[in-house]
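Peer 1: Sequence:
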Amino acid sequence: MSLVWVYHGNEYRRASDLSPSQVMLMIDSGCDGVRQLINYVINNVLSVGSYRSVSARIYRGNDEYLVHFLINLAGSSEEVIILVSRNPADTLFNYYTSASSENIIECKYGV
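Going by our numbering, the sequence shown opens with residue 1, and the numbers climb by one from there.
For the record, the hints were derived by calculation from the structure and aren't laboratory data. Every value quoted in this text rests on a predicted model; they were computed, and no experiment measured them. It is possible that part of the hints are untrue.
[Unchecked claim] DEER-style ranges, computed between Cβ atoms: (1) Ser-76 / Arg-13: 18 to 24 Å; (2) Val-48 / Glu-102: 29 to 35 Å; (3) Leu-25 / Tyr-109: 17 to 23 Å; (4) Arg-14 / Gly-75: 29 to 35 Å; (5) Asn-43 / Ser-21: 18 to 24 Å; (6) Ser-100 / Ser-76: 29 to 35 Å.
[What the hints assert, rightly or not] Only pairs whose alpha carbons sit at most 16 Å apart, straight line, appear in this in silico EDC-like list of lysine to aspartate or glutamate: (7) Lys-108 / Glu-78; (8) Lys-108 / Asp-32; (9) Lys-108 / Glu-79.
Beta carbons are placed, not taken as given, at the ideal position from N, Cα and C, and that holds for glycine.
Build out the structure end to end from the sequences listed, making use of the hints.
Peer 2: Set out below in C-alpha cells:
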C-alpha cells in the first residue's frame, strides 16, 4: 500500500493528513491539481505566511508519484518533495535517474 511522504530538510516524514488517492488525483490533474498542494506545503511543512513564487516538477512512474517543489520566499528558498509511494527512497532514486522527460511535467506559479 502506498503512503504519502514529505521530504524536507533531509528528513522523511509520513503525511498522515493527506490520503494517497487525494494526492494522486491532484497529480493526475497536472499543474492545476498540484496548485492545491502548494497551500499544504506553505502552511503545514514550511509554516510561513507567504511566498514569492513556486516551481514544481511532477513525476509519475509505475505506481509512484512525486512533486518536487522549489519555493522562493522573501529572503531564501526551500525545497519540499511530496511522494506517494510504497518505498520513498526508490521513488526518489527513480525521479533523479529518470532519463525520460515524458514522465515529468514542469509547472510555475507566482503570487
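Peer 1: A separate judgement is required for each hint: does it hold in the structure or not?
Peer 2: A quick look at each hint next to the structure:
Range check, Ser-76 to Arg-13: Cβ separation about 21 Å, and the 18 to 24 Å hint holds. The hinted range of 29 to 35 Å is satisfied by Val-48 and Glu-102, whose Cβ atoms lie roughly 34 Å apart. Roughly 19 Å separates the CB atoms of Leu-25 and Tyr-109, a value that falls within the hinted 17 to 23 Å. At roughly 30 Å, the beta-carbon separation of Arg-14 and Gly-75 lies within the given 29 to 35 Å, and the hint holds.
For the hinted restraint 18 to 24 Å between Asn-43 and Ser-21, the CB-CB distance of approximately 21 Å keeps it satisfied. Checked against the hint of 29 to 35 Å, the pair Ser-100 and Ser-76 passes, with Cβ atoms roughly 32 Å apart. Taking the CA atoms of Lys-108 and Glu-78, the gap is about 15 Å. The hint holds against a cut of 16 Å. With a C-alpha separation of about 10 Å, the suggested pair Lys-108 and Asp-32 falls inside the 16 Å cut-off, and the hint holds.
A distance of roughly 14 Å separates the Cα atoms of Lys-108 and Glu-79; the hinted pair therefore holds under the 16 Å criterion.
Taken one by one, the earlier hints all hold for this structure without exception.
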